[in-house]
Amino acid sequence: MATITVQDPTERVDVERIQELERNQNERHWKRQDSNLAKGLIIQWVGLMLYAIMTTVPWMDFSLASIHPHVWASIGLGAAILSLPLGMAYWTPGTVASRHTLAMGQMFFSSLLIHVMNGRIEAHFHVFGSLAFLAFYRDWKVLVTASLIVLLDHILRGVYWPQSIYGSSLPGISRTLEHGLWILFEDLFLIHACLKGQSEMREMAVQRAAAESEKSLVEDRIAVRTQELAEYGSFLKGVIEGIDAGICILDDKGVIVSTNSNWLNFSNSIDPEKSRIQVGINYVEVCRQATGKCAEGANQIADNIARVLKGETKTAVTEYSCPAKKDVRWFQVRVSKTLNPVRPGAIVVHLDVTQRMLALMELQEQKRQVDQLALVAQYTINGVMILDSDSLVTWSNDSSFRLLGCPRNEILGSAIVDLPFLAQASDEFRSSLRHAIEKKEAFRRELALHRPDQSGVVIDMEMQPVIVRGEHVAFIVNYIEITEQASIRQRLSSTFAAMAEGILVQDAQGIIIDCNPEAEAILKSNRSQLIGHTPDQGNWVAVFEDGSLWPMEDHPAMVTIRTGMPIRDAVMGIRHRDGNLRWISINTQVIDSKLGEADTVVSSFTDITTRRDQLQRLDLTISGAGLGVWDWNLHAGSVRFNSLFARILGYSTDELVPTRKFWESLIHPEDQTEAQQRLDAHMRGSTPDYRCEYRLRSKQGRWQWVQVCGRIVERDVNGNPVRMAGVHVDIAKLKEMESQLRASESKMRMIFDAALDAVFSLDEKGIITDWNLQASNIFGYERREAIGKWIKDVLFADQDIVKTHSWDCFQSEFKASTDLGRRFETYVANKAGRILTVEVAITSIQHNGEHAFSVFMKDITQQKQLESQVAQTQRLESIGQLASGVAHEINTPVQFVNDSVYFVREGVQDLFRFVDQLQALITECQEGKPVTDLVADAKEAESDADLEYLSDQIPKALDRSIEGLSRVAEIVRSMKEFAHQGTGQMNAVDLNHSLMSTLIVAKNEYKYVADIETDLGDIPEVICLGAEMNQVFLNLVVNAAHAVADVVQDSGRRGIIRITTKQVEDKVEISISDTGGGIPEKIRDRIFEPFFTTKGVGIGSGQGLTLAHNVVVKKHGGELKYHTEVGRGTTFYIRLPIDGSVSTAGVV
Amino acid sequence: MSRWIMATIIWIVLQLFGFGLLLEYKRTPGSVGIGGQLCSSETDGLPRLYLFLMPNCPCSAASLDALDRLITRYPHEFTTRVVLSDHRRETVADWGYPLKARAASLPDTQVTPMSREMAVSFGVQTSGHVLFFDRTGKLLFSGGMTDSRGHFGDSISSQQLEVCVQGKIDRLVRTNVYGCLFEGSFYSSSGSRE
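Protein chains in written order, with this note's numbering: chain A, 9 to 1156; chain B, 6 to 199.
Do not rely on the hints blindly, as some may be mistaken.
[Said to hold, decoys possible] Just a few of them, taken from the derived set where beta-carbon distance is under 8 Å, the chain B residues facing chain A:
hint : residue
1    : Gly-23
2    : Tyr-30
3    : Lys-31
4    : Thr-33
5    : Phe-83
6    : His-156
[To be verified] Derived DEER-like restraints, expressed as beta-carbon distance ranges:
hint : chain 1 : residue 1 : chain 2 : residue 2 : range
7    : B       : Leu-186   : A       : Val-167   : 24 to 32 Å
8    : A       : Leu-185   : B       : Glu-122   : 40 to 48 Å
9    : A       : Leu-160   : B       : Arg-140   : 47 to 55 Å
I should point out that these hints are in silico values taken from the structure, not numbers from a laboratory. These figures come from a predicted structure and were not determined experimentally. Heads up, the beta-carbon is just placed ideally off N, CA and C, and yes, glycines get one too.
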């Protein structure tokens, strides 16, 4: 049978069909428009010619010459314009080419029209009309072509022939722009209209395609429906024929008009004459005429047919029995009214229901039996449920509701797995139940649950599938309450599991049938490895204490099985496969026996390995510690000793008499009183334990020092001691060591006090804990005065010391001190307030788990003063050495100053003479005397003085003098700066200036042998000791000059001394290099040693580099390094911290 | 498609050629001659304008239209004499051209036929030639009033004539004359001055 699906027609429209329709529509439309436009062009042409003629006729004299050129233009050019568009419209209508050609022709015609109309503005409306006319194409591209033609025409004629298009000779660019904008303005609307028109045409195509589709669909439906009806009629006929019933159709009179084939069978079975109930026979009458046992049923059928035909009822059913040849047959007759209003009648269906009736009767018998069984199920004390094949509860007895505590409505109709009480079951329980239901298998489990009234119950749930004739039809679920049994079993099981002893239950063959967790732990085997096996099949072997194997048949359990007698405290070794050996203590007991033979035996065992090890270890400990153990029973007066107790005193155990009196007799008489007092105090409860050291007489008669520790371990109800136990320790060696320690301490004290340096100890807080004799001598504080005080209050309390920040330095070193003991220098004040310079070393030590510090202070005040004096001496020595050079440096400028001054003096004298002559001349003139001679003298004096020469040379001489004096002043200033002793405090120093001063002072040392090159960088002022750094620079410059001089000697060549300064991070680096001979490798390790020199006697003292190293490294915390190459020269590098942060403590 | 493109190109070229011919014809000026006498002996106290037309010339209507607009714009500022010639006839006394009626209807305008003497005297050779004399008889304008043959509408020549009429200029202004050449007895007897 065909299936018809109703769809929206537009959804089923074929896109290609739409496109085809749209294409056809457009093609027709464009052809029509081509034709219209071609006609329009012809009309316009004619109109234009008429217009040209009409507008010129009034002026014409009908001669050829008088014909206006516009007439010729409209005819000739008009024909030319129309030629191609008309041809295209005729031969290729509807094409893109024809559309665009016609559009161009239309616009060219507009151009001609405008010209003929002398460019009048009214003529331009033709352009807008033409565009609107072209818009009928509904193709916006045509408008683009036409607009381009118009714009091009306006631009060309606007520029070259404005009179033709605008009627004026004035250029028309602005007009062209204006016209172009109007055309674009119109194009916007026309293009919109074209697009909309195209859209509408497309929509029309869609609608038309949809209509075509709908028409096709309806035709398809009609064809399918016709075929369906034919098939349905055939189907109904087949159904009627196939029904296992006799069917006949009666007309309104009861006459048979149609029957099926089974009706013939039916009629044959009840009417041997056959012809009576065939088509054309009145069936009602046949029924009325029936006789015999079937008559009653037949009459009832006739009545039913009559009622149906009269319309009293639509359907009437009756059943009746009719005796057959061998048995009785049952029939059901259904009379129904036909639904055909044109031909009313009735349908009679005869159905043989004999089988059904027999089955019904059998079913009634079965129901009776079931009812009886149901009574049993209903009133049994067990819960019973019946589930259908889908596990839904279809029936349940009252005991179920009672047992489960659930109301009937919660159980009936529910799937068993969804029953509320099963929510308390474990996931595994429900999963197993589901599995059994799915597999149609039996299921039995115990389940503990709480009823809604919170009473607990344990049930034994059993589910059995019911299979009838090989088909599963139901489940029967049976519940038995086993709460009491489960409780007893649970208690036993819990006890069994909770026992601290391992339990094994074995049967008569020794096979383990049960065990508890402790047994699994001790035997290191899980339950599955134990159950079902004999002990010799396990992961262990049983051994005796000597390590030999314990035979299975001699196991305590096996012995008990054989003899029926219990065994107590048997010790057995269990050696596991990993070699681990455990010791257990075993008891056995028969559980069940019959006629003296044990059926089951239980073994309980405890792991005593730890206890056994502890006992052994205690013995070893006591023995190893040399403890003599005693146990004194005060009531009995007896004492028990161990063997070591006896051995300490040289006795054997047997030789010691176990009484208090004997013990007391062994104590040294001098120690007895104290020992007794302490014992009495402990017995009174005054002391928690009894401790005492005393001497005991050994067997050899020597007094043996022992330490006794004991305690009352038992008292009676009145608090009186009953039992006391303790140990004796041999402390003879301890006593001897104590004596030696005292002697050692005394000796160390002597050394401590005899030390040349002040030595004292501080705890972590800086409190003085020890103070030697030298410390008292140096600082003036006695030992008793110093100990217990804070070190700051003793050595750093003086205000002058506070100003030097010495305490801060000491504190920082104190905190950073290690066991290596770093040395530093600082100031302290002694008791008299005198400031001392000390060299300090602090050593950190561990004493009794606490940190302690040993401080060593050496008074170097005098040494420092000497060093200062040596430095000053060295500086003065340097000045002395430089003095002759400096004097020479000063002498040169002094010489030419002297010469210049002499020259000036003579010149001034000549000038004064000339001035004197002039004064005399002036005087004579004022007095009116003749001055001829004086004038001649004056001129002579002027000639002698040579005024022109003096006026030129005197200023130069004075300049030379000033320059010379400046040089002298600079040298003197440099000398002064160099020789300055300094304040001993660090100040901000311009090292570049210091270097330049040093170079001036030392100039005489190098000027004959070397040239100076300086590259002094932009460096900040450095916090340093300026005078001492000057000395360092001088030493290095002089050394460089000497090194260069050694190389150049008298060769006339000159070397180079190069000095540079620069900043490197937070330091300033000064380098002084020379082109001397370099430092030989063999002396490089010694150049900083005091008094080491390679110069001749009187030239160098060997302290220059030593002093430089001391100043740079020790006093400034800087670096002094050098780089040398033999034959090429040496460079010394000095690096000083800019902020003067000296790495060593204090400024000394 | 290619044939269509080729045909279209030829078609466009043909039209451009046609428009080119038209342009060539309409923008080719006629012979100006000497531009008339430097002064007019006919003075009546007002400036005087002479328009020489050949009635059967298609360009005359445009010139007359331009004159009409000038007179309308400057009424009673000058007197006008439209001089008509007809090469087919000896005189213009009996001609009945529409142009004459139109010219006669203009205010302050006298229509006269062109005599040989006049033609020779003013030396005009092309229809549409305008001569404008000031009050003293001094020639201020000589040339056409249109910028192309037979084309109606405003033109540069008309504007220049207006400037002369307004008296803003006292020197001679010459423009091209677009019209038909006077033919016939005027020049054949006296000899062409072209």
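Outcome of the hint check:
| no. | hint | verdict |
| --- | --- | --- |
| 1 | Gly-23 | 4 Å, holds |
| 2 | Tyr-30 | 6 Å, holds |
| 3 | Lys-31 | 6 Å, holds |
| 4 | Thr-33 | 11 Å, violated |
| 5 | Phe-83 | 23 Å, violated |
| 6 | His-156 | 6 Å, holds |
| 7 | B:Leu-186 to A:Val-167: 24 to 32 Å | 30 Å, holds |
| 8 | A:Leu-185 to B:Glu-122: 40 to 48 Å | 53 Å, violated |
| 9 | A:Leu-160 to B:Arg-140: 47 to 55 Å | 50 Å, holds |
When held up to the earlier numbered hints, the structure conflicts with 4, 5, 8 and fits the remainder.
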